[in-house]
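Chemist: Chain R is already provided as a structure; the job is to place chains B, V and D on it using the hints.
Protein chains in written order, with the working numbering: chain R, 1 to 346; chain B, 1 to 346; chain V, 1 to 346; chain D, 1 to 346.
In short, the hints are calculated from the structure, not lab data.
Each hint should be verified, as a subset may be incorrect.
Copies of the same chain are indistinguishable here, so a pair counts whether it falls within one copy or spans any two.
Below, computed lysine-lysine pairings styled on DSBU-like, alpha-carbon distance capped at 30 Å [unchecked claim]: (1) 145 to 196; (2) 145 to 119; (3) 196 to 146; (4) 70 to 145; (5) 70 to 203.
Because the structure is a prediction, the values reported are computed rather than measured.
There are 4 protein chains.
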Amino acid sequence: MLVVMTHNATAAEIEAVCATITSMGYTPAPMPGAQRTAVGLVGNDGRVDDTLIAELPGVAKIIHVSNPYKQVSREWRPENTIVTIAPGVSFGGEDIPVIAGPCSVETEQQIVESAILVKAAGAIGLRGGAFKPRSSPYSFQGLGKKGLELLALAKRETGLAIVTEAMDDEGAHLVAEVADCIQIGARNMQNYSLLKTVGRIGKPVLLKRGMAATIQDLLLSAEYILSEGNPHVILCERGLRSFDSASRNLFDLTAIPVVHQLSHLPIVADPSHGTGRRDKVMPMARAAVAAGADGLLIEMHPHPDRALSDGAQSLNGEQFAELMHQIRRVAEAVDRQIAGSIAAVA
Amino acid sequence: MLVVMTHNATAAEIEAVCATITSMGYTPAPMPGAQRTAVGLVGNDGRVDDTLIAELPGVAKIIHVSNPYKQVSREWRPENTIVTIAPGVSFGGEDIPVIAGPCSVETEQQIVESAILVKAAGAIGLRGGAFKPRSSPYSFQGLGKKGLELLALAKRETGLAIVTEAMDDEGAHLVAEVADCIQIGARNMQNYSLLKTVGRIGKPVLLKRGMAATIQDLLLSAEYILSEGNPHVILCERGLRSFDSASRNLFDLTAIPVVHQLSHLPIVADPSHGTGRRDKVMPMARAAVAAGADGLLIEMHPHPDRALSDGAQSLNGEQFAELMHQIRRVAEAVDRQIAGSIAAVA
Amino acid sequence: MLVVMTHNATAAEIEAVCATITSMGYTPAPMPGAQRTAVGLVGNDGRVDDTLIAELPGVAKIIHVSNPYKQVSREWRPENTIVTIAPGVSFGGEDIPVIAGPCSVETEQQIVESAILVKAAGAIGLRGGAFKPRSSPYSFQGLGKKGLELLALAKRETGLAIVTEAMDDEGAHLVAEVADCIQIGARNMQNYSLLKTVGRIGKPVLLKRGMAATIQDLLLSAEYILSEGNPHVILCERGLRSFDSASRNLFDLTAIPVVHQLSHLPIVADPSHGTGRRDKVMPMARAAVAAGADGLLIEMHPHPDRALSDGAQSLNGEQFAELMHQIRRVAEAVDRQIAGSIAAVA
Amino acid sequence: MLVVMTHNATAAEIEAVCATITSMGYTPAPMPGAQRTAVGLVGNDGRVDDTLIAELPGVAKIIHVSNPYKQVSREWRPENTIVTIAPGVSFGGEDIPVIAGPCSVETEQQIVESAILVKAAGAIGLRGGAFKPRSSPYSFQGLGKKGLELLALAKRETGLAIVTEAMDDEGAHLVAEVADCIQIGARNMQNYSLLKTVGRIGKPVLLKRGMAATIQDLLLSAEYILSEGNPHVILCERGLRSFDSASRNLFDLTAIPVVHQLSHLPIVADPSHGTGRRDKVMPMARAAVAAGADGLLIEMHPHPDRALSDGAQSLNGEQFAELMHQIRRVAEAVDRQIAGSIAAVA
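Here chain R stands alone, though its shape is the one from the complex:
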């Protein structure tokens, strides 16, 4: 931590800062400069609470040098964490799993048909919401437990791994019984009660970045899960709130190399929510793979024109198969491969 004094701070004020640092159990390191003095705080093992010092006269600002997160950081663990949600479905290695499916589980026929198309195109995971966070209370809120049963059925029929969202504690336990990976949505990224719950449950978690969350916010939310003893966290970039209505969100693909530098956790991309427009999903899925994404989430619906939610950003089966074809080529160009592709091709 660095305490920057004002231009005209007196020697007594600087001394008082040093004395306070000493009283807190750390060592002060004053650095006089031509323009002003700064005082370093030495000896801390983690972030220091600065409120005592911020109060003192002559203090211009305080700069924190240590990161507030620990277990999620690359410094804590240099090698990549590989999160395996089901046999053969691993995030963080060279393989790039694709998880696809409808926004919401609607009917048995719809989810089974989706699963068959997803599998046929070579993807290895099925997504689909049983509990849906919707901005309006009057929008379709999902089938709830019935939706989870239909996901379980689709899994039995196809063997696909299941990723689905939980919105509260009760839902998290229900989802954990059926799904291979519990999704925490963007709106709940800072719902710390829910993060602790899924941390304790211990199942793999897919944590979506909030609409206006910094990468540090995202990593701190992941830290909540790890600090409960659950290391199986997959991060997800899904677009930020934007001032430009040309796309639904502002898809921040640079988050991928930024997370790879700061953390050992895998990060996947969701170009369907990231762009919100069907015709933008294909190019941005390619871009995500080229940027280094460790997986993709794609909205696919056998009949997007009849979807109960997010139809405008869902691909149909044929479009999804074409997407899989295109990203396989890009994956090869960056020396990786789409997970399960070879089997699908064979």
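Modeler: The following block gives chains B, V and D in isolation, referenced to the frame of chain R:
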């Protein structure tokens, strides 16, 4: 709803849009233009799901005319809603209640001392967190139930109304036993499970605007509470995520007249979180009152330099008394008055 | 400047950073910590170029402690700068001048009628664009030199001080012949050629904050003008780009106390552009005065429904007079007064 | 244009809107709905000024259906525009030209060495600033005319096409004598005087998107150039202002498919400014190509540690060669090729 066709949409494509609208039970109203045709959808009572139409060839974009919210809208109820959380503590009328207190409840002495200072300065409500949503799992998380007991004690000693945050279902029921108003924090503004719970509990709710929430998002979250049968909702502007680190958040005071136009619900302002800096709280509290705020939330701590959280934005007792003095004058200049002021002066 | 080393930086890497700092003519001050070492750079008089050091192995990040601006800073000059653009029209003292008028100068009758209404309401400056920066090349671009002549005429008739915008070098010289203060619009805030030109001209400059400019960006743009020898700079908050279409811009009133803390220059507010909606101008003008604004810019048009630009945010004469009445009361409540008001009242 | 009436608008108010539309020379098309009435405006050829109507009682909001730009739109010209800045250097077709070089032209040796490395790696254009827009007046401002002479020299020695920035009218004419393409920087994207000047000069223009510009703003700025008779415009995505300091800017790659849908103009990407960090340039260059970019701008410096500006985001010669290698592979995976690559390989 208006369906805008592309420049070169064919007559058959326009006809297909009309047919689809008819099949949905509405009436199409084609409007040919020099550049392009638009097709109005007539006869809806509320927002229409557009996914069937968005799919059709020749459709350029779809514009929704109806608001997605109902019960919170000024059109639904033209006169102001007055939310009374305790005898004499009402939001939405001419009086402007001030709720002040520490970020977190820390000790009996701290919260009682805070309450006495708050009351002495003429405010009529006490705030203070027992359950604290913190970005980092390693930061102080609040005293929990013990904190609620201390708030109850402070209420008994001073008669101040209590506003405190709930972070999950279990907490909401605990808070409801002690508090006069349940606060939903910015990070949980779209935690719909929690919104439904506090809607069902029925106690007054103070709903804070999320960091990147539009006013429409905020009103829709309030609609979740009203649609469960609880009309006692107070909205709160507390600053948005900003690209400028000069202040902690971007305090959007225009939200106040915007909400007053769109909704009958009262809206209060929180200049402490809105700015994040002690020396900015005073001018922005004045500005909030001048803009028409129906109440203020102010962080105050008897000893900000020893606060366990948010010390840098807390006023001490003397500063808070000065703030009350200043906003009384501004309130008069806009023909309102700070609630309880006269009694305090007498 | 502070060089933060990575967790695992070697002693040799730290030594190399120190050697580089020495070779640049400064003194290194290593600060070993429990988690990592930081190296202070001592002896600089202003911002240091960090590119040599950022390159070195083991460097995690570099933190600049000095501000990049000088002459505009409060540390450079502790007392307020008073900018006088015409006799009795001064910004930065206790008086709060109001400058009002139409978005664009349209006709002799329109601008003279506007000036008479502005003066009658007690304001002391007239605004109106002769050169208009419009997003579309097909929108009305202003009357140019003819518009300046009409402003000169309105000044002769009423004695009001004139503030009008310049968009390029040639225009700046033309504007300087007629206006008391040259306005630089938000879109040109970082048009450094133009900033240097108005710096050399030496007339007072009203510099509007760009749509996504930080306060530091704004101060640096002002520094361009001061560094050419022109200290007569008035800053202006006029709203930032927003993700919420509920208002045209996001009016950042906290910029006022932030600028007052960092700089000695006066700052005024433009609630007409800041909100973009007529019915929001009044409350936000009051809020700006309560927040400490050193002046106001208000769009007023004798017949807003016939305005060639920005009619939706312009007040008519009666509304403007009501605004003047309301802000006089708020100004008193913060121990200031609207400039020229007393004369107008007498 | 669509005029949405309030919930409770009277028949007389609706009639007044219709009458006003008629008086403006258009045809009104009232659309009564269950909740409210909307009135379409039919017969316009381009955007209609709405100020007369916005004024009327009972009008809730006005929705513009037509785009405000014309010549840049894909509806105006369905096929891609190919902008050729020099023989063999074309943007908008299957080839993807790469333009690389230092942020600033510093010395003869530096720019010639840069040009040789750029050419050796297979790129076909050289960038480098002679006129530099810098936030601070105390930062290096470029060599000016001397810099242009050095660029001309580098062109003679290597045959590379030259792209360099102009900041004002005088500079634009100087740049036009030497460069193959005039760059307009992000800070000047809405400097309409400069846009008109480069429109009249007629040379190819590379127009960078402003820090908070919507795609529509960018297209309107391009429209300024086209409306002066210059169709040779290349758009450029270079990152937006962000709330997250993890990267310098928020690189909006979705802008690429969005522009491709709305406009016939080519769009290139600048991952160096887009990310601001050397180690992020490589993955985001790959992502830009995968997203469909029509060219790349890359900052490269023979000795980034000695660069006078933007060293932290510049690649050295070896890193740049590796980047060219990687993007060639990605280009192939999307059925395109890096321009000039084959010659470089042979």
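Chemist: Enumerate the violated hints, using their earlier numbering and listing them in ascending order.
Modeler: none
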